[in-house]
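From first to last, the protein sequence lines are chains B and F.
Residue 48 in numbering that gives the first Met the number 0 sits at position 49 of the first sequence; the count goes up by one each step and never skips.
Residue 163 in numbering that gives the first Met the number 0 sits at position 164 of the second sequence; the count goes up by one each step and never skips.
Worth flagging that the hints you see were computed from the coordinates, not collected in a lab.
All the pointers check out, no bait thrown in.
Mimicking SDA-like on lysine to any residue, the simulated pairs with C-alpha atoms at most 25 Å apart in a straight line are: (1) B:Lys51 - F:Leu161; (2) B:Lys9 - F:Arg169; (3) B:Lys9 - F:Gly280.
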Amino acid sequence: MTKEPGEELKFEKALERLEKIVEELEAGDIPLEDALKKYEEGVRLSRLCAEKLTQAEKKIQILTKSLGGSVKMEPFEFEDKEKE
Amino acid sequence: MNPVPALAPQGPKVYTIREITRAIRSLIESNFSTVWVEGEISGFKHHHSGHMYFSLKDEGAVLKATFFSRFNRQVKFDLKDGLQVLCFGKISVYEPHGEYQINVERIEPKGLGALQLAFLQLKERLAKEGLFDAKRKRPIPRFPKTVGVVTSPTGAAIRDILHVVERRFRGTNVLLNPVRVQGPGAAEEIAQAIDEMNGFDHIDVLIVGRGGGSLEDLWAFNEEVVARAVFRSRIPVISAVGHEIDWTICDWAADLRAPTPSAAAELVVQNREDLEIRLEGFSTRLRNSMRGLWDEKKEFFRGLQESYAFRQPLNLINQYSQRLDELLRQFQNYLKNLAREKNQAFHHWVGKLEALSPLAILSRGYSITFNGKGELVKEAGRVRPGEVLRTRLHQGLVYSKVEQVKKEGGEKE
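So that you can see chain F by itself, here it is in the shape it has in the complex (with noise of 0.2 Å):
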């Protein structure tokens, strides 16, 4: 054994553990200032105060990681456990623990970009929530008044989209929401614009988007607010980030996809020469459709007209009319011969009454005599000498004075 030194005012310098780790501490800072490591995320901790704390591993080796939020913010994909990095740092001892670690300022998936990792990790998260199902895809307004534009107002996006609704139908109006559309707060900026968008309720269709550029340039579109933002807006999305490609988050959330700005704006704004074609061809149409329903009608209506059915009932007056022209002269005839037997019948009577007449008997010669009072003379003994008589003779009157009167036997007066 050997003897241990024994403690001595002028032996070996005694540290504090305080000091001690101290050295180590400052011996490793000032050798592995900044590491770039490789290893495995394990036992990963976001703290609420925003510092994540995990282990580096790979095979029989573990080093302890902080990852502090000012560091952190800046990630854009989700680190979990089993994801392997690549992690810039520096090796420093944490004192109250006495443990050495890596404080990682960098940290980047291996293998994969850092921001397709994300882009691939929202994606699945999102889609999980819904934001992109199909059922909730709202159908593009084809004959919008008034596009709203989400872009920049320096791009060539709104410039395209210009071009189109000049070229295709001046009719559209466009009411542009100017915004930054890569960098720093882009994608805040375009999820607030959205939002404003909702606002008016004269805008028909959005159209988020930008012209084409690199994965970093169109990172906005693929941020979670504006993926959220394009989700709740009333008025439909179309999205038209202009990278044919790939599509971005806000692609996906959209009820929309255009490969470009410009195609875009021709999925709203219609030809006008191809809407004046189908309105004439409705038109054309429509006339005819109305002529030939109308020569139809009138031709079954002119079967009708002459068919059996439809001409019995003329039959029916007609026969009515000449059975009533046929009484009425039938009529006629009758009062016609009543009035000639009534004249044969008078005629009749009449001559026998004109046999009966006394006047008869007077054509025959025969006369009658009244006396002064209009009394018939029958006795010559009723008349008197001077006595005036009227006889009445088969024409005419003679009024005669009374000479002498005889009555039968011979009697004189």
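Same shape as in the complex, but just chain B (with noise of 0.2 Å):
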């Protein structure tokens, strides 16, 4: 069930990681250089979500298969032909 993250996974864990940065800033228990460097931390988070956000270029496709059996991914359109 182990997989590796993939890219938005890592967006998703950057915005955890940065609300749990948040959060401890936030209680104020915390020694000031662990601060300083949670807050660095805390900033490089954000601008990497919003790096994320900001890439709007999506794919989508289509798996063909040969008869051969191979498999290939394919540009994929959407045509609505009225079924189902």
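With the hints as a guide, bring both chains together as one complex.
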């Protein structure tokens, strides 16, 4: 069941980490040096997340199977055939 | 007693068993070519050949039944003893046993529809096996980079999912594995597609489903092969079979059930604006908390600086410094005094020396005379006339030539 987190999962993790840092800093009970380190990390994470959010390129692909059994990914355009 | 009719060559016809049985069979088959009968299954046997044998009974009567594999393959639900059924088939005679029976071609449960019964039976069986256990449900990633979709390439499901992606967050990739979602073989295709998708390691979540339809249309998603494929999927699965009310077996087996494909997409494709607002909130809180923390630490530090404990060492230093200045000043004074004292002593001794100096006597009008050899002249008898003497006066020297010498007692030389 273990899997490598995809790129966007890193975004999820980054956002979670950022939230945790904010909470820790807000709690205030933290040595200044640690606070500065966490703050730096927080700034880095929020930048990373913002970058991810502005990446607007999506890929829509469809799997096609050849008779030989090989599987390819090809761009997919939905055609409304009013079926189903 | 009636006499038994005599056997005669021209007497009544004598049947062989085979002949009579054939005759009965044809009589029955021509009268009951196809019938519907209703009864309870008992003595059910599923032979390894695939054929099924059982009896249909009600109060007081029993009818043997066969259900050959070429017919029973179509049955979705499980046959078992006690089940009330409606059977469609032909009444026939099994000649080797001399028994009449019904050869069933279709069977339906009484009361429930066949599909409903099949659904309930499969659901119960898979539930017992643990396929639907809540504890094996995995969390659905909230920000999948790539969403795998198993559905028809021409159906409403993929269209709706793509709309959601378009509307909410265009950063999401979609990989479609096209399958037939209804009709014979659809379930197997769906199951295979789920397995195929698990061969890709960049897919974060799977949506398996189709748009709405009748129970028959949705049937593929109630098949065991689909449930098992969903169960063994490494990738978390959202089942999205377009039927808001009824759950399919696939829904039960999936990690998450969405009422429609659109709803499934909305569960995984976050609204970008929501995310931006959330991120902005975090950033602001991050800055504010850090500033607050900083101010607080600064204030604390300032307080510390001004506290008695912190100032104490400074006082000490100040005191030392003052003491040092004082010492330095004292030392300088000491040196000065010392010098003055020495000076005074010097002058004192110099005075004394001066008093003792012959030069001082000279200043009172005395003089000292030396001969040519530099010897001090104390007696006149040691001087010869013509000798040059040097006389030291208080100021200056006088050189003089001796003209006459008079010794003490008046003797002239």
